[in-house]
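Turn these sequences into a full structure, and let the hints steer you where they fit.
Here is how the chains run, residue by residue.
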Amino acid sequence: MFKLRDRETAEKILEKISGTDIHLTLMHVCGTHQDTLVRFGLQKRLEEANVDIRQGPGCPVCVTIPQEIDEIMALARAGKIITAFGDALKVPGTQGSLFSAKSEGADVRIVYGIDDAVGIARKEKDREVVFFAIGFETTAPTTAAALISEPPDNFRVLSTHRIMPPALRAIAEMGEIKLDGLIQPGHVSTIIGTRPYTFLSRDFGIPQVVAGFEPLDLLMAVFMIARQVKSGKAEVQNEYSRVVREEGNPKALAVLDRAFERADVAWRGFPVIPGSRLDLRSEFDKWDARKTYSDIIAEVDYSADVEEKGCICGRLLRGLGAPEDCPLFGRKCTPDKPVGPCMVSREGSCNISFKYGKLKNL
Amino acid sequence: MCLAIPAKVLEVEGDRAKVDYGGVVREVNVSLIEKPQLGQYVIVHAGYAIQVMDAAEAEETLDLFRQILEFEDSGDERIDA
Ligand code: SF4
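Going down the list, the protein sequences come from chains B and U.
My numbering applies: residue 1 is where the first sequence begins, and numbers increase by one.
My numbering applies: residue 1 is where the second sequence begins, and numbers increase by one.
FYI, nobody ran anything at the bench for these hints, they're computed from the structure.
Please read all numbers here as calculations on a predicted model, not as lab measurements.
Check the hints yourself; a few may be wrong.
[Claimed, not checked] Cross-link-like lysine-lysine pairs, in silico, DSS-like; alpha carbons within 30 Å at most: (1) U/Lys35 - B/Lys251; (2) B/Lys125 - U/Lys18; (3) B/Lys286 - B/Lys309.
So this is what it looks like as structure tokens:
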């Protein structure tokens, strides 16, 4: 049904991109985009066509700050059952990772989605079960839906859910990187639609294309941006129209809004970004781990700065440089022994570059 | 983590649906979308359907790409018409 790997068309698009004869610096914010770009050798081919694409803060596990890991670690050590996505287990806080807590005997269980975590809470009636909620707008509605459907009283959510537009604003405002275009994430946009990005074109003059995840989707998105740049336009275009609608998914947005309100939080590599975290509304206090376990979480030291020495993950998340620029990449830092979260997560740029070795061509 | 995969709807009952990922059948939560029709493709993330795929647009995507490329071939000055 989805024949979007057609090599001939890919070559044709690449030819068109080269033909525009302009140098482009682009950012995308999605681990799955990065995976497609590296796995199919597109990043290299695009470099040859004068297009430089960086990942930016598009890795939920990577942008989580160590103190949020410390919060869930404190709950793990206090004997709660911790449920989390597999990707979150190895990310280090200031006191180790959930993985290390597990090897010390904490009850940490990997789940595929929040419904599995609620299922565990229903079974383990005498224990308290905390779901470590990580993810952008794609994932946050699933947490919201579970909260709204009245989970059991022994269930808790520790939310680190973040939303993307405020982070994109931060990047545009910081001005460390001059972006010729943004490739917007298809599945975040499935929920929020295309309108929340408009300000980036209007106020910062950045051309944008919402893109799907097949090789041709990404090549086409680059081509559409090149076309905007060439004609002096800056607007939001939608390449992934088979899934993304302008208004997003109104039902999911309503659920999201019912359960969450926005809070200010730092992102790894970034200062505090106003309104960028989704915290539970007070109506859901009894399931809110930060409220019900405030005594346990109080021990977390929010002033500590813990970026590992030599790790440039924070810079990579702001679109500055590539994993290969890090002296530790592939030497001291590998997926088996990750130094920073960009190597831990399957969505992290260091992990993806290491995995595919940047060898394969289209 | 934003990985989301298309699957075909086989059965719907309340907020739950059975879907087929090209041979593997799983149950997913469909409370975040309007009730899907049998045979439709939904995009599934972390156990929830987050959108119904527009099959017509999906079929036409490649053709659409080719058209855009051909249109370009037919004369550069008309690109932005
Ligand atoms: S390779 Fe490792 S140490 Fe270097 S930036 Fe990536 S995560 Fe950090």
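Practice task
Hints the structure violates: just list their numbers, smallest first.
Solution key: 3
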